[in-house]
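Guided by the hints, dock chain V onto chain Z, whose structure is given.
Now for the letters of each chain:
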Amino acid sequence: MTIDALEGVLLIPALSAGLLAALPGYRLTSRLNMLAAFLTFAIAVSLFFIEPASGRYLLVDDLNKVFIVLTTFVAFTTSGFSASYIGHEIETGRLKPSHVRFYHAMYQVLMFAMNLALIANNIGLMWVAIELATLTTVLMVGIYRTHEALEAAWKYFILGSVGIALALFGTILVYMAARPVIGEGPDAMVWTILMTKAARFDPDLLNVAFVFLLLGYGTKVGLAPLHAWLPDAHAEGPTPISAVLSGLLLNVALYALLRFKMLLALNPVAIAPGPLMVTMGLISALFAAFMLYRRRDIKRMFAYSSIEHMGIIVFAFGMGGPLANFAGLLHMTMHSLTKSAIFFAVGHIAQIKGTQKIADISGLTISHPVLGWGLVAGVVAIAGLPPMGIFMSEFLVVSSTFARAPWLVLILVIAILVALGGLFIKLNTIAFGEPRGSNAPAQASYVPMFAHLAIVFAAGIYMPPALVTGFQNVARLLG
Amino acid sequence: MQGITFDIAHMLAGSLVLVSFIQLYQQRLSALLNIFALHAFVLAASVAWQAYVQDAPHLYITALIALVFKAIVIPLALRRIVIKLGIHREIENVFGVGLAMLLGIGLVALSMVVMLRVTSGADPLAREDLAFALSVVLLGMLMMVTRRNAVSQVVGFMSLENGLVLAATGAKGMPLVVEISIAFSVLIAFIVIGIFLFRIRERFDTVDMQAMDRFRGEQR
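Sequence lines, in order, name chains Z and V. Letter 335 of the first sequence, counting from 1, is numbered 335 in my numbering, and no numbers are missing. Letter 90 of the second sequence, counting from 1, is numbered 1090 in my numbering, and no numbers are missing.
Bound-form chain Z, shown alone (with noise of 0.2 Å):
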């Protein structure tokens, strides 16, 4: 029996999961950890290259690729940012040797199902993946086991299991619209059987099912005004994760939705999607905007920004057309690259100065010139200043979306703009004046961080016509 490229994706996670759970030592688990991940993202990148046959249960085309790309790269580079950060937190004492293994073990489980949610060719089996990619990490917020930390997991589960339950009745409904069309059985649940019968689906069932899987799902993207699990979840808990969620689990459930999203654009009948997602997305860009300014917490702040920056996104593909589908996908894919390189320089400069309020900490730039400038970088970048690549790309959605409804990118704009004054009040006095607190030298690992500041400087400046292609496919693809 040989083993494609898309069993090994998840083959990997799954086998290194079980061994690390049993591998005692930080310093071995954590470097198999980066290996893991690293071949995990070996694996697909060549799917690129030799694309497997798409089965009953597992599919690769051109949209599942950019995201599992996206997905293994960013999930090697945190493994990177662990590895330093783990070792820190041993040294103080946070955690146990025993929580490492644990942690280890769930952070490779949770790639195996992000991964799944990613390739799974079946409703039912990407509603699974994403409901187990969900309670790991569940457990990786609770694992300091704080005060703060457990309020953070119980109300993350607590939301994350609504609205996980509402999606399982939203995939239910659509299997009810297939029924009819497709029979009985398993085929109504496969995607690309879905997908090529869509058109005679019942519309009004579809209209219900995309409602329920719009907040199921949304609840996952942290839109508002269900996002509330997501600042809690980023701030208690380890900074790793809190990378991981903002540039990968939130792009994960955002998949899901756009795979609906396609499914009821066949559908001559059924309601369009758009204006649902443009109205959430545009409310929690604007709202996340405002909380900016409120926040004590440097990694609530950023967490906040994440909730900013997929409202930017789910608009962009609410829009919809080539253009600002490319838009959106660039949107994502630069703001995983920079908010998890933020989450990295977050992390160091917490376990420096041993505490996560913003008032506490100042002057880093002189204190610690290289993190500082970094986390300076990366908030230039967040906030979409050129010439990094955000700019680029929030700029496509502004310029793509202007013709068609100028009101409501006016309402865009105006978040952008706020949220740019927020975050930079902020690092005024996180980065600049005089040095306070702890000055230890800092133990961090900066190729992470500066290797995913250096693609986004990158693109901002040239993007290889490779890459322009490939994403002007799949948005072509999401239509």
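Where hints are given, some of them may not hold.
With a cut-off of at most 30 Å between alpha-carbon atoms, the simulated DSSO-like pairs for lysine-lysine come out as follows [claimed, not checked]:
1. Z:Lys-96 with V:Lys-1084
2. Z:Lys-96 with Z:Lys-357
3. Z:Lys-197 with Z:Lys-65
4. Z:Lys-197 with V:Lys-1172
5. Z:Lys-357 with Z:Lys-426
Pairwise CB distance ranges, derived in the manner of DEER restraints [to be verified]:
6. Z:Ala-228 with V:Gly-1106: 21 to 27 Å
7. Z:Leu-35 with V:Asp-1123: 51 to 57 Å
8. Z:Leu-410 with V:Gly-1106: 34 to 40 Å
9. V:Ala-1031 with Z:Gly-185: 49 to 55 Å
10. Z:Gly-183 with V:Val-1097: 43 to 49 Å
Derived from the structure by calculation, the hints contain no laboratory data. Nothing here was measured: the structure is a model prediction, and the numbers come from that model. No residue lacks a Cβ here, since even glycine has one placed at the ideal position from N, Cα and C.
Relative to the frame of chain Z, chain V by itself:
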């Protein structure tokens, strides 16, 4: 097919909604757990009836899981936790009982209006099941919102899942994979919840969520 089989399916699904309502006004945790066991039992009966009606033997497995896990094992385990913590006497509702019931009636009316209208093409059994299932889901959510206690939030979540199982079995021919996964997810969810309850107790000596609210992320 019509006639008595339809009536029984209708009655069982309807009773599930009724039991959801009974859950809403329980003041004591131990009573709430009893009612939840009844909820799961009615679900098991309903699923078993669907298995018979649809001639789908694999649904008996789902019914068995509902009966053994949800109606017996989980209520017993939760009862032990509750007694160990000494909180089996009382629970507070955030709203009064009257308001909770009124909201519940509103939610059931909403789900009837929505589901019966959009499923006009489907067969009557599936339609009613879906409408009842959505009612149970919404009532479960209402319970999670109106209760402060972690244990009763868990019970609310599980009755919500019961509604989902009802929907899944009502959708004729839905693959077994999904049903097992539902049962599985409930199981996993329960383990997770168990760990959390244990840890919460370790830290707080209380499972009252209001006490936890004091430890919110952004205290001054």
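Consistency of the hints with the structure:
no. : hint                                  : result
1   : Z:Lys-96 with V:Lys-1084              : holds, 28 Å
2   : Z:Lys-96 with Z:Lys-357               : holds, 24 Å
3   : Z:Lys-197 with Z:Lys-65               : holds, 23 Å
4   : Z:Lys-197 with V:Lys-1172             : holds, 19 Å
5   : Z:Lys-357 with Z:Lys-426              : holds, 11 Å
6   : Z:Ala-228 with V:Gly-1106: 21 to 27 Å : holds, 23 Å
7   : Z:Leu-35 with V:Asp-1123: 51 to 57 Å  : holds, 54 Å
8   : Z:Leu-410 with V:Gly-1106: 34 to 40 Å : holds, 37 Å
9   : V:Ala-1031 with Z:Gly-185: 49 to 55 Å : violated, 42 Å
10  : Z:Gly-183 with V:Val-1097: 43 to 49 Å : holds, 47 Å
Against the hints set out earlier in the document, a violation occurs for number 9 only.
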